[in-house]
Structures are given as C-alpha cells and as structure tokens.
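Respectively, the protein sequence lines represent chains A and B. Take 4 as the starting number for the first sequence in my numbering and just add one per residue. Take 105 as the starting number for the second sequence in my numbering and just add one per residue.
Calculated directly from the structure, the hints in this document are not laboratory data. Hints are supplied without guarantee of correctness; some may be wrong.
As the list claims (entries may be wrong) - Straight-line distance between alpha carbons at most 27 angstroms, and here's what the computed DSS-like set of lysine-lysine pairs gives:
#, chain 1, residue 1, chain 2, residue 2
1, A, K66, B, K155
2, B, K155, B, K174
3, A, K66, B, K174
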Amino acid sequence: MLNLLAEPWGVIVSHARACYPRECCGILLGTAAEGDVRTVTTAVACVNAYQGEQSDRFELDPKDQFEAQRAARRQGLEVLGFFHSHPDCDAYFSATDLANSWPWYSNLVVSVRGGEVSHARAFRANDNQTASTEEELRCPQS
Amino acid sequence: MPTVLIPTPLRPHCGGQSSAEAAGATVGEVLESLTAQHPGLRQHLFNEQGKLRSFVNIYLNDDDIRYLDKEASAVTAADTLTIVPSIAGGRA
Ligand SMILES: [Zn+2]
Numbered sequence: 004m005l006n007l008l009a010e011p012w013g014v015i016v017s018h019a020r021a022c023y024p025r026e027c028c029g030i031l032l033g034t035a036a037e038g039d040v041r042t043v044t045t046a047v048a049c050v051n052a053y054q055g056e057q058s059d060r061f062e063l064d065p066k067d068q069f070e071a072q073r074a075a076r077r078q079g080l081e082v083l084g085f086f087h088s089h090p091d092c093d094a095y096f097s098a099t100d101l102a103n104s105w106p107w108y109s110n111l112v113v114s115v116r117g118g119e120v121s122h123a124r125a126f127r128a129n130d131n132q133t134a135s136t137e138e139e140l141r142c143p144q145s
Numbered sequence: 105m106p107t108v109l110i111p112t113p114l115r116p117h118c119g120g121q122s123s124a125e126a127a128g129a130t131v132g133e134v135l136e137s138l139t140a141q142h143p144g145l146r147q148h149l150f151n152e153q154g155k156l157r158s159f160v161n162i163y164l165n166d167d168d169i170r171y172l173d174k175e176a177s178a179v180t181a182a183d184t185l186t187i188v189p190s191i192a193g194g195r196a
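All chains, full assembly: derive it from the sequences and hints.
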C-alpha cells in the first residue's frame, strides 16, 4: 500500500498542473514499514529529461535520482518510487512505463485533464518488467 | 576497498545490504568483483554481452561515468560507486 501524506501530494499536484500539457515526473521518498505499507513523506519534483515531445513521454535525469538517493540515505529514508503524469489521459501503467521501470518501486501515475488533476493510481512492476500489479493507494483526495 | 551503494530493488540480490565493498582499480573491475560475490546481481547490471545495461547508471563519487572514462574510469580505495536505476515512460 502506498500512503501519500498531504505535503508530498500537494507537490505532485502542483507539478502535474505546472507541466501540463507535458508529462511531469519526480521521485517519492519515505519509509517502508512491515506489512508492505509505504508512506511517502517527501515528493521531489524533477525536470522531464526526455529529449522530444513530452506530451506523452517522460524520463528522469539520473543526476536527480542520484541526488535523491543521497538525500534519502542522509535522512534515513528510502527512495520508494516515482511519479509521473498522463495529460488528458487516464492513470494507467503503459507498456512503455513498464518496459522502462524497475522492480520493487512504487510507480504513481496521475491523470491530468484540462490542466486539473483527475485521479491517480499506483503500480509495481514484476522482477523482469513483463507485468505490473496495481498497488492500493491512499492519498488526501481519494 | 571501494564502496558500492546498492539501490533498494537490488538489495535482495546483495544479502540485503544497502552497500557493499568490492575490489578493483576501475569501475568495471569493481562491478565485476561485486557480481562475483553476489551472482544474483549480474543479470540486473550486465546484458548477455557483458556490457552494462542501458537501464543502469553508475556514479563514481559525484560523477556519472558516462562523462568520465565509462567502465574504464579509475577507482581508488576511498571512492564510492552508486548504482542509479534509469526510469522513464510514455503513454503508449
Ligand atoms: Zn505513463
């Protein structure tokens, strides 16, 4: 289960709106507890590093991930996963999302319609990125 | 020995550790000895041709090795390597 606190959820919503109609992306930091409950305490808004049309593609800059890993280690947190938006499109985990993901991480997808956040869902990829399963999501809006 | 920082998804393949020490004078050698100690890591770091997978970025201290000498970048005992997963996606 992915539990988003109000502050990081606010960061995600603002970033998704600001980047619309392009995809936004970022990193989720927090704690992973027994029973597979992951609590996101910090969301880091990142630049979409995809070279090309960004309305339907995103790429995280490895440098941002490196910095986030370092910040997480210093604060005793984990990199729990990542978020990105789907402008004018539902929140699903696409074949491209799956192929470019890593196992274990939570992948939060936010649907943005007409510039406003519509809904969000979370997914995890299996070990060889051939399938994903939806993860229960708790965020302030839902 | 150089230290390698392991991202969470790879820790199960590395005895649950968040970091490991591995010998070597270059980035390639360090990763080679790391995967010799932890064979389960190999498929996540290298492709069938023995090259670093495109899904994997390696930092030597603060620098991406793509902008150094790649796997031939020289490493000393005090250095830290960080394994950084590549993440991207798209609607289709
Ligand atoms: Zn997507």
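These are the hints, each one checked on the structure:
Of the supplied pair hints, the one linking K66 of chain A and K155 of chain B holds, its CA atoms being roughly 21 angstroms apart against a limit of 27 angstroms. Under the criterion of a C-alpha separation no larger than 27 angstroms, the hint pairing K155 of chain B with K174 of chain B is consistent with the structure, at around 11 angstroms. For the proposed pair K66 of chain A and K174 of chain B, the alpha carbon gap of about 16 angstroms is at most 27 angstroms, so the pair holds.
When each numbered hint is compared with the structure, no violation occurs for any of them.
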